[in-house]
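Residue numbers (numbering that gives the first Met the number 0), protein chains in the order written: chain A, 0 to 322; chain B, 0 to 521.
What the hints contain is simulated information worked out from the structure, not anything from laboratory work.
When the alpha-carbon atoms are kept at most 20 Å apart in a straight line, the in silico SDA-like pairs for lysine to any residue are as follows:
(1) K173/B <-> T34/B
(2) K111/A <-> E177/B
(3) K508/B <-> L429/B
(4) K4/A <-> S435/B
Single-letter residue listing:
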Amino acid sequence: MEFFKYRGTLDFMKRANLAIAISMILSIVAYVLIGTKGLNYGIDFEGGTIVQVQYKQEAPVQKMREVLASNHLYDGAVISKFGSDDEVIIRMKTSSTNVGKDIGDITREMLKPTGDFEIRRVDMVGPAVGSELRTKGITAMLLAVLGILVYVAFRFEWRFAVASIVSLVHDISIAIGFIIFFNVEVNLDVLAALLTLLGYSLNDTIIIFDRIREGIEGSNENSFKEVINDSITRTLSRTVLTSLMTFLVVFTLYMFGGEIIHPFSYTMLIGVVIGTYSSIFVAAPMLLWFGFDVTKYRTKLADAKKRDIEKDKMRSQFEGGVV
Amino acid sequence: MKFNYRIIIFAISIVFAIVYSVPSIFQTKEGAKITLGLDLQGGLHLLLGVKTDEAVVSRVKSIASSVKHYTEHNEILVDSLSITASTVDFTLLDHDDAKNITKLFADMKGVKVDTKGDTYTISLTPEEIAKTKTQAVTQAIETIRNRLDQFGLSEPIVARQGEDKILVELPGIKTQEEEQRARELISRSAKLELMAVDEGRGARVSTLTPLDASNMGDEILQDAQSPEVKHLVHEIPILDGGMLTDARVEFDKNNRPVISFTLNSEGAQIFGDFTAKNVGNHLAIVLDGKVYSAPVINERIGGGSGQISGNYTMEGAQDLAIALRSGALLAPIYVMEKRSIGPSLGADSIHASMMALYTGLFLVFAFMMFYYRLAGVIANVALVVNLLLIIAIMALFGATLTLPGMAGIVLTVGMAVDSNVIISERIRELLNQGMSLKKAIQGGYSNAMSSIVDSNITTLIASIVLYVYGTGTIKGFAITITIGITVSMLTAILGTHGIYDLLEKKVDKADDNHLWFGMKDK
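Start from the sequences, fold in the hints, and give me the full structure.
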């Protein structure tokens, strides 16, 4: 089976302006969302309590609300269905510090009149831990970006590094925009998904960059634009196949992985699509705009090679005792 | 045939993968297995803080106790012995005792004594305060560990986290009720104090405010059985639970459980002295700030033992005895973070993620086979070995598998075949240029190498950062994805290459590019 057969270079860069326009709009929308609505931080970063209750029958949400309303502890608590009809989750901004008797125990006692149930999960994060996790999360994100920047600059060239970082920021921003738009709760696992996304999105980018570098060094094509188009075309099959397969496994995770893993798989799902798109339509055009001159680069390479040969010659002459 | 080092390494890793993954997969009795995280097997995760300031307060209190005992024992008359948040103050009535009292200070460590005439102020040095605080955390860890060991749960984890936090992990808790009992046990301060009842003013206790009492050097305490009953006791205890050597459950005349305790020799001495001097007075047995009984002292009590009676259930009495035996918490603890997962939810999560893994694996298998034919089958073999190796390595290092970790494994399925896709695409390119199968394979591998390594390394950078900065179950994700990607370089690159080398003769003769790499035209 072959989806894509190489029948000549496709002109991706022709569409670059349109792509950038789409990217700009999506990014701006994302930033507006970040500025206005903001991220819906879960208890990991904000502190609070989650109690997951499973009933033997359909969960009596209305009755639960009435019962819990009598206690101030549950002011502002949100009760919502979780995955199925018999399972609910109670979210609170409050947390308690008492070890012996906590919100979980109180909830268990208060809900007794509402029916036959089991408390399956109690997550409680105090404010101090929440803010610590947030600092750690932001540090992790920055460090990952920095590490990748250094590696790409070392392996390629600074322009490649900057282009890949721009596309990373692009991916993360838009992914966050979607997270806000669909009101996904941001917990530690969403952060993990975003970090994985950093690595994944770069995966695609690097493979295209690698091909571009190969094109610069190995072909006679002098137009950088053509080198880029050719490289994207030749890697297109791989890009689409891998993305498709990753998308498939993330999709199965989303479908079958259970309610708890949903925010993670959802973030990954968006990320895989954006990451693939940005490698072709954001990272590569960036290189073009940075004004990379293929012939100059080749001269530089040739010079370096000449120097190496010269050096070798000198060395052999020196060793041979000629000099 | 030349020496095929690739297939040998691959074969060794297959053997390794099978040997070390079998115990985890089939749950055999012997052999190292993967530990399941609390989110998968169910259990309680607690991050506790320690109120170290209160340890300092009780340190001050115990200094006051020794001043009191020393002065009484040596018949030194002092006036207005009192305590503040960080100091003990008293005044000597007879200036001639000044020499005697300095002997007491000589035995005390980490204190500073200020004198103003005959008024003495004992305060803790800053170093001593810092030391007391660290000790409070260390002692809390030991106490909690002792209590949990005696509670009979399997493999509890109690560890210091950062400077003043305590991590407690209890796998295998089945119900919320059981969890609450464990939490009550570890949080109980179990502070036993024997205190003297203020006989003179005791009758007026109902008219006094706590402030009045404190001004007189007294303290108002609640009765444990009937909360409306109040007791007025001297705020400086005769002795505390630190001098306790044993606590056991016994039964009283009415066959109700009581806790009997034994004091060490120093405690027995102090207790004996006190009871000898206070015949006819009341002695209050105070536990965690509540008076459990206040019997009349009939005679000097030697031997240093006593009883706490309350309306205990057998279970309650046992837990209390454990708490007393393992020592009081010097400072109260509080919850900073709690994650509690019921075993049924854990089982559901395992089921769901296995379902995702099988489906994902099936889709990738099918896709690779249809798209790349033989090359796809070879890639699938490598993928299976990759998964087994993840399990084997995790089992060998005793790593913990969490729910995000399962997600990491599922994701690895998608990412690991990427290498094979890249290689196969490169090979197809060369085949399209009319190269022979054998040459195309060699060329494909060498062309693909730099892309694969570069792209894997960037993913590794992100996952290592995640491992270092991630907490709790997220670390599990970083672990599986890191192992998965690293191993994929062995299986998907070296392993599959080895298989082609092994099939060298067939490759030499082959002319069916459709069969080998799924290409349309031969």
